[in-house]
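Enquirer: Listed below are the residues making up each chain.
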Amino acid sequence: GESVGLHLPTLSVQEGDNSIINCAYSNSASDYFIWYKQESGKGPQFIIDIRSNMDKRQGQRVTVLLNKTVKHLSLQIAATQPGDSAVYFCAENRNAGNMLTFGGGTRLMVKP
Amino acid sequence: KAGVTQTPRYLIKTRGQQVTLSCSPISGHRSVSWYQQTPGQGLQFLFEYFSETQRNKGNFPGRFSGRQFSNSRSEMNVSTLELGDSALYLCASSSEGRGVNIQYFGAGTRLSVL
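Listed in order, the protein sequences are those of chains A and B. Okay, so the first sequence: first residue is 183 according to this note's numbering, each after it adds one. Okay, so the second sequence: first residue is -11 according to this note's numbering, each after it adds one.
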């Protein structure tokens, strides 16, 4: 069925390195994508979003890339820090309301 | 500005009981959505309310229901609890009713059904 999925369940990186978290989506009609970060005991925290009419969007230390040809979304975190350790979710919005479809999540572990 | 507030943070119930969870959105936000998070199914959309009306609904049985009050606060209710209802229930609010808007999540209510 249609879904938003993640390639890797766990990603381990060295502190200071860059991290790349990937996400595949199957619905070409999706027009809005979001990355959330969830730390233990907390709700998902908004990181960055991108609309389907864009290929790239940058925030503070984070960049989201959207490749509509292969239906792929990625989150790049520059100079990864221990505080970046969390589970990262991609989500898509397929309609005009606020219903989000989430991927399975990737756990990012930052080694000191 | 205060964030999304969910109460209670933890709940323990037994099978067959019913439960009500509460969500206070960010001030000025009129849309409230509910999600269920479990290790097996991940984050799944339950329903969205805007102006006291349910606008979107996910694929959950009728035992799951919700409502929204005139001050945008929302409650969700689960009747005849089952063991599989054990989950983290998350509420999210956003500022506008139409179009796509950033959803801000609360810390959730962890429900354990024994």
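For the record, the hints were derived by calculation from the structure and aren't laboratory data. One thing to keep in mind: the hints can contain errors.
What the hints assert, rightly or not - Below, a list of computed lysine-lysine pairs in the DSS-like style, where the Cα atoms sit at most 30 Å apart: (1) A/250 / A/238; (2) A/293 / A/238; (3) B/45 / B/1; (4) B/1 / A/293; (5) A/238 / A/253; (6) B/1 / A/250; (7) A/253 / B/45; (8) A/238 / B/1; (9) A/293 / A/224; (10) A/238 / A/224.
Unchecked claim - Chain A is faced by these chain B residues, among others (derived, beta-carbon under 8 Å): (11) 6; (12) 27; (13) 30; (14) 50; (15) 52; (16) 93; (17) 100; (18) 101.
Cβ coordinates follow ideal geometry from the N, Cα and C atoms, glycine included.
Enquirer: Now tell me if each hint is right for this structure.
Expert: Hints, one by one, checked against the model:
{"no.": "1", "hint": "A/250 / A/238", "in the structure": "holds, 11 Å"}
{"no.": "2", "hint": "A/293 / A/238", "in the structure": "holds, 28 Å"}
{"no.": "3", "hint": "B/45 / B/1", "in the structure": "holds, 25 Å"}
{"no.": "4", "hint": "B/1 / A/293", "in the structure": "violated, 39 Å"}
{"no.": "5", "hint": "A/238 / A/253", "in the structure": "holds, 14 Å"}
{"no.": "6", "hint": "B/1 / A/250", "in the structure": "violated, 45 Å"}
{"no.": "7", "hint": "A/253 / B/45", "in the structure": "holds, 25 Å"}
{"no.": "8", "hint": "A/238 / B/1", "in the structure": "violated, 46 Å"}
{"no.": "9", "hint": "A/293 / A/224", "in the structure": "holds, 22 Å"}
{"no.": "10", "hint": "A/238 / A/224", "in the structure": "holds, 28 Å"}
{"no.": "11", "hint": "6", "in the structure": "violated, 24 Å"}
{"no.": "12", "hint": "27", "in the structure": "violated, 10 Å"}
{"no.": "13", "hint": "30", "in the structure": "holds, 5 Å"}
{"no.": "14", "hint": "50", "in the structure": "violated, 18 Å"}
{"no.": "15", "hint": "52", "in the structure": "violated, 15 Å"}
{"no.": "16", "hint": "93", "in the structure": "holds, 4 Å"}
{"no.": "17", "hint": "100", "in the structure": "violated, 15 Å"}
{"no.": "18", "hint": "101", "in the structure": "violated, 20 Å"}
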